[in-house]
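Asks: In case you want the letters, here they are:
2 protein chains.
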Amino acid sequence: MAGTDKQQPMLAEGPAIILVEPQLGENIGMVARAMANFGLAELRLVNPRDGWPNEKAQAAASRADHIIDAVTTFDTAADAIADLNFVYATTARPRDNFKPVRGPVEASMELRNRFSADQKTGILFGRERWGLTNEEVSLADEIVTFPVNPAFASLNIAQAVLLMSYEWMKTGDQAVRPPQAQMIPAPKEHIENLMSYLDRVLDERGYFRTDDKKPKMMDNLRALFTRPGFSIEELAVLRGVFSSLEKFSPWKPRGSGAPERD
Amino acid sequence: MAGTDKQQPMLAEGPAIILVEPQLGENIGMVARAMANFGLAELRLVNPRDGWPNEKAQAAASRADHIIDAVTTFDTAADAIADLNFVYATTARPRDNFKPVRGPVEASMELRNRFSADQKTGILFGRERWGLTNEEVSLADEIVTFPVNPAFASLNIAQAVLLMSYEWMKTGDQAVRPPQAQMIPAPKEHIENLMSYLDRVLDERGYFRTDDKKPKMMDNLRALFTRPGFSIEELAVLRGVFSSLEKFSPWKPRGSGAPERD
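Taken in sequence, the protein lines are chains A and B.
Counting the first sequence from 1 gives a position; the working numbering is that position plus 20.
Counting the second sequence from 1 gives a position; the working numbering is that position plus 20.
One should not assume that every hint holds.
Identical copies go unnamed one by one, so any copy, or any two together, can satisfy a pair.
As the list claims (entries may be wrong) - Under the rule of at most 25 Å between Cα atoms (straight-line distance), these lysine-lysine pairs were calculated in the BS3-like manner:
id : residue 1 : residue 2
1  : K76       : K208
2  : K76       : K236
3  : K267      : K234
4  : K208      : K140
Hint data in this document are derived by calculation from the structure and do not stem from the laboratory.
Working from the sequences, and respecting the hints, build out all of it.
Replies: Below, the structure is given as structure tokens:
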């Protein structure tokens, strides 16, 4: 899926991603890369097991250096979110507490609204093995949880960050919607021209068999070539195929003088 | 984010995920895991570099054994989608062809609607380094591409599968559009038969002019006849038109002995 365009401005804004006691450098790197993919920039680490900086994280981050180089570290989750106005805690399932529980779409819209209002926001992600403590969850304003298959819920931390980053980008004005290669159906006269042409060349070849069958068969042909909404360009390719089949005989090196054209 | 609940029924349905020439077993395993997280089940591999089965894939799949054990392998992308009615190709960016380009949300809704109408669907994912060939893209009905940061578009294959699987699962919550009285696109093998036929009869007539132009022209033809999602019945009518043009000369009462057939 590589396709980086260095001409484009680097998106780098939005909520801080906060990893609490991450163990594996690879995961930190993959988180940075997921953030870069979807325009997030600020990564905070709480007490990473192998210290910081971490070579494995740098390697796994691929070229997300702008994120790795700007990482800040903290001793506790409370320290890491001290300057933020609004914080989500991610959990694998709703916990028994009084916080609202959101899905990723709803949470991302909330984050986008607060971002637009110049609030500082963040999302807390827990340890690889057992997530956030109840105390850490209690630091957050709301909970976000993912709509996974209840029988197989094993999102890793980089995947969870990827989904939140992706939803964040989707909420943005600058979210890059794939340009619609919108097909414009050809004006109907192009279809009529095609039908006149087919009427002639098929009639010449006995395609319609009997005169009374012809109107229904023409209706079927018109339906066939109208239904797809062919563009002018597509109709031109189609016409080229018909012409080739109609005008040219198979070229056979028999030297028998088989006619090139009818 | 662990939180698997063995009491819950395992979701296992929806579009087939098709990986074309995947190189790393770890990626295949991560793909299986992403699929399991979001309730997909059917994984097809086209010509995996290290053969199949693959120990590294099994290890990386964690406990997604039901997916790994059911993997099927194929020699070509065309073979892998032969029985499917509707197929997406994933690309890093829109290509220069006639296919509609969708985002993941829109594509997932389309897949969900077709699933509800008992159609068989699939999503093609390309090689780790350079994706799908133009010819492989031309096999698909539509393209899906991801709204990534244009300046940092480096989704790996497991992440791309994760996002599509996640969007697929999200569409399950929503009211699905009432099934439309829509045409069921013919299984892909019907398109392949048509292409083989056209390859032969057009080649015989010098349609492709030069050998180096032929692959691109064939891609365009495949795009032209794939895009409308022709039903089996429509393809039969189309084939009848081609046959008539190809086999029969205009009947002209000149008595010149023009051949009735080639």
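Asks: List in ascending order the numbers of the hints, as given earlier, that are violated by the structure.
Replies: 1, 2
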